[in-house]
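Peer 1: Each chain is listed here by its residues.
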Amino acid sequence: MIIELELFGALRGLEHADRMSLQVSGDRVADLRAALAAYAAAHWPGLAPGLLAKCAFATHSEILRDGDAVSADVRMSVLPPVSGG
Amino acid sequence: MIIELELFGALRGLEHADRMSLQVSGDRVADLRAALAAYAAAHWPGLAPGLLAKCAFATHSEILRDGDAVSADVRMSVLPPVSGG
Amino acid sequence: MSNHFLHVSGIAAEKLDAATALDFVADPGFGGATLFIGRVRDRNHGRDVLGVSYDIHRPLALVRFAQIAVEIEREVGGQLKLYIAHAHGRLAVGDIAVVIAAGTPHRDEAFRACRQAIESVKHSAPIWKQEHYANGDSAWGEGCSLCD
Amino acid sequence: MSNHFLHVSGIAAEKLDAATALDFVADPGFGGATLFIGRVRDRNHGRDVLGVSYDIHRPLALVRFAQIAVEIEREVGGQLKLYIAHAHGRLAVGDIAVVIAAGTPHRDEAFRACRQAIESVKHSAPIWKQEHYANGDSAWGEGCSLCD
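Chains as they are written, first to last, in my numbering: chain A, 2 to 86; chain B, 2 to 86; chain C, 312 to 459; chain D, 312 to 459.
Treat the hints with caution; some may be incorrect.
As the list claims (entries may be wrong) - FRET-style restraints, in silico, Cβ to Cβ: (1) B:D69 x D:D406: 33 to 41 Å; (2) B:R29 x D:P370: 17 to 25 Å; (3) C:A330 x B:P50: 32 to 40 Å; (4) C:K326 x B:G47: 37 to 45 Å.
Treat the hints as calculated values from the structure; they're not laboratory data. Every residue, glycine too, gets a C-beta built ideally from N, C-alpha and C.
Could you build the full structure based on these sequences and the hints that come with them?
Peer 2: Below is the structure:
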């Protein structure tokens with residue numbers, strides 16, 4: 002399915018955009034994570050090693066775990082390690 | 002000798018004044034403390050038991066100990082337990 | 312929950328303000344109020360900093376701020392008013408990035424609440440800092456992963 | 312020592328003010344500032360309080376505030392701006408009795424400095440509080456002895 006992604010922090014600069022769509026095989030966060038890793042390997046040469054593994058995936062109300070389900074109806078946010086304050 | 006005293010906190014209310022003079026036999030803070038205790042026993046019926054023992058004696062720049070000297074030339078302050086903030 | 316003020320400031324529209332935070336947490340029954348202000352520094356890790364840009368996931372940040380308030384209320388275990396506000400967008404050196412205030416009956420709870428709030432905001436709120444350096448470079452902060 | 316602001320406020324002439332304290336401790340090199348405000352509460356030990364009168368030994372209080380600043384500078388071990396001000400005279404419920412602010416490069420030092428300052432002021436500065444109750448009574452605070 003196609004998942005709509007919203008990007009934050011360093012990821013916006015890597016994609017040169019704050020939104021993107023991604024073809025995902027499977028319906029879990031882990032599948033989305035794998036699909037994004039494959040996309041990043043092809044398109045984000047400036048990606049810091051290990052950064053994607055530290056990114057969380059979230060809806061607009063909660064952070065999901067790798068075993069949670071994703072749906073084409075729900076836009077997902079990709080959250081790099083946070084550095085507010 | 003005669004020592005001039007400046008009173009603070011509850012002591013002002015007991016003496017109904019913020020200054021007093023006291024005849025002291027001896028030249029140490031301990032002698033001043035004893036003289037004030039004798040005066041209080043005669044004139045301060047509302048004095049809380051044990052309060053005078055917790056009072057410190059000070060110049061305008063430092064707190065003195067019982068063995069330190071006092072002088073008729075230096076006005077002393079009597080400091081009850083503190084409760085600022 | 313009316314005793315929590317949860318806010319993500321749009322820096323273009325309004326500057327963060329300590330007085331607003333302190334007014335919010337005042338109460339006739341409260342003897343202590345604490346405040347933390349985080350500002351943009353002119354140096355970090357030995358580099359000259361001209362400014363900082365904050366990126367925020369606004370809806371998720373407000374959810375997280377509300378969770379932080381509930382966690383602190385449980386931890387402090389008594390009456391509490393809490394104010395959390397974070398700037399969004401580009402800030403210059405000296406500008407206020409975050410304001411946290413806590414009001415409680417006694418001072419120990421106010422200090423604990425304020426400290427816990429800033430630590431939680433820094434470590435778990437969906438906010439990202441990009442530093443802009445004097446030499447023209449920019450870099451995103453290292454940060455804390457939100458994965459378990 | 313120019314980084315310490317040591318002040319006993321005359322309440323008749325001026326109200327204590329958080330903004331003044333925060334401005335004083337700001338610095339381009341400082342990322343964190345903390346503030347503590349102590350206010351007069353409407354109840355204490357179960358009694359309704361109408362107001363408080365503070366008596367202060369002004370010269371000795373300024374000496375003690377300066378000592379506290381030096382102690383904290385040694386404890387924190389780095390750059391520090393510290394502001395200490397205490398009201399003198401009669402205050403109503405909600406009025407500010409004490410304002411302490413600390414600015415440092417990083418937040419941990421700012422929290423430690425602010426907390427140590429208010430504890431030291433409360434336990435060792437020559438200041439006395441008299442509470443005025445709704446029933447017309449007044450009472451001096453129990454307090455900490457300054458004898459060794």
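Peer 1: Do R29 (chain B) and P370 (chain D) keep their Cβ atoms within the hinted range of 17 to 25 Å?
Peer 2: holds (23 Å)
Peer 1: Could one say that the CB atoms of K326 (chain C) and G47 (chain B) fall in the range 37 to 45 Å?
Peer 2: violated (54 Å)
Peer 1: Return holds or violated for the Cβ distance of D69 (chain B) and D406 (chain D) against the range 33 to 41 Å.
Peer 2: holds (38 Å)
Peer 1: Holds or violated: 32 to 40 Å for the Cβ distance of A330 (chain C) and P50 (chain B)?
Peer 2: Because 46 Å falls outside the window, the suggested range is violated.
When held up to the earlier numbered hints, the structure conflicts with 3, 4 and fits the remainder.
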